[in-house]
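Asks: Sequence:
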Amino acid sequence: MVLSRTHVASYPASVPTLSRAHVAPYPATNTPKPVNTPKPANTPKPANTPKPAYNPKPANTPKSANTTKSANTPKTSNTSKPSNTSKPSNTP
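Per this note's numbering, numbering of the sequence shown is gapless, rising by one per residue and ending at 801.
These are calculated hints, taken from the structure and not from any lab test. From a predicted model like this one, the values you see are computed outputs, not experimental measurements. Check each hint, because a few of them may be wrong.
Derived DEER-like restraints, expressed as beta-carbon distance ranges [to be verified]: (1) A768 - K748: 55 to 61 Å; (2) N781 - K760: 35 to 41 Å; (3) P741 - P761: 52 to 58 Å.
Ideal placement from N, C-alpha and C gives every residue a C-beta, glycine not left out.
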């Protein structure tokens, strides 16, 4: 079937067709872009002041004269554990 140039497809009424009213009008000429203004220089941030500790501890006081620690003595291993080899037999 050959359609003539004057044939227009008929759409149902619920389908809107685009007209020029829906399209944003283009400007007639290219508008010049605004010149980029230089940004102001970043102001230096103040130095971070050290925050006090949550529970500030008092200054370390010198400890009592326990400066001579005894040498670590080797621990004795518990090798004399009772052995569980003699289990009672469950024979009636």
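Asks: Hint by hint, where does the structure go against what was stated? Just the numbers, ascending.
Replies: Per hint list: single violation, 1.
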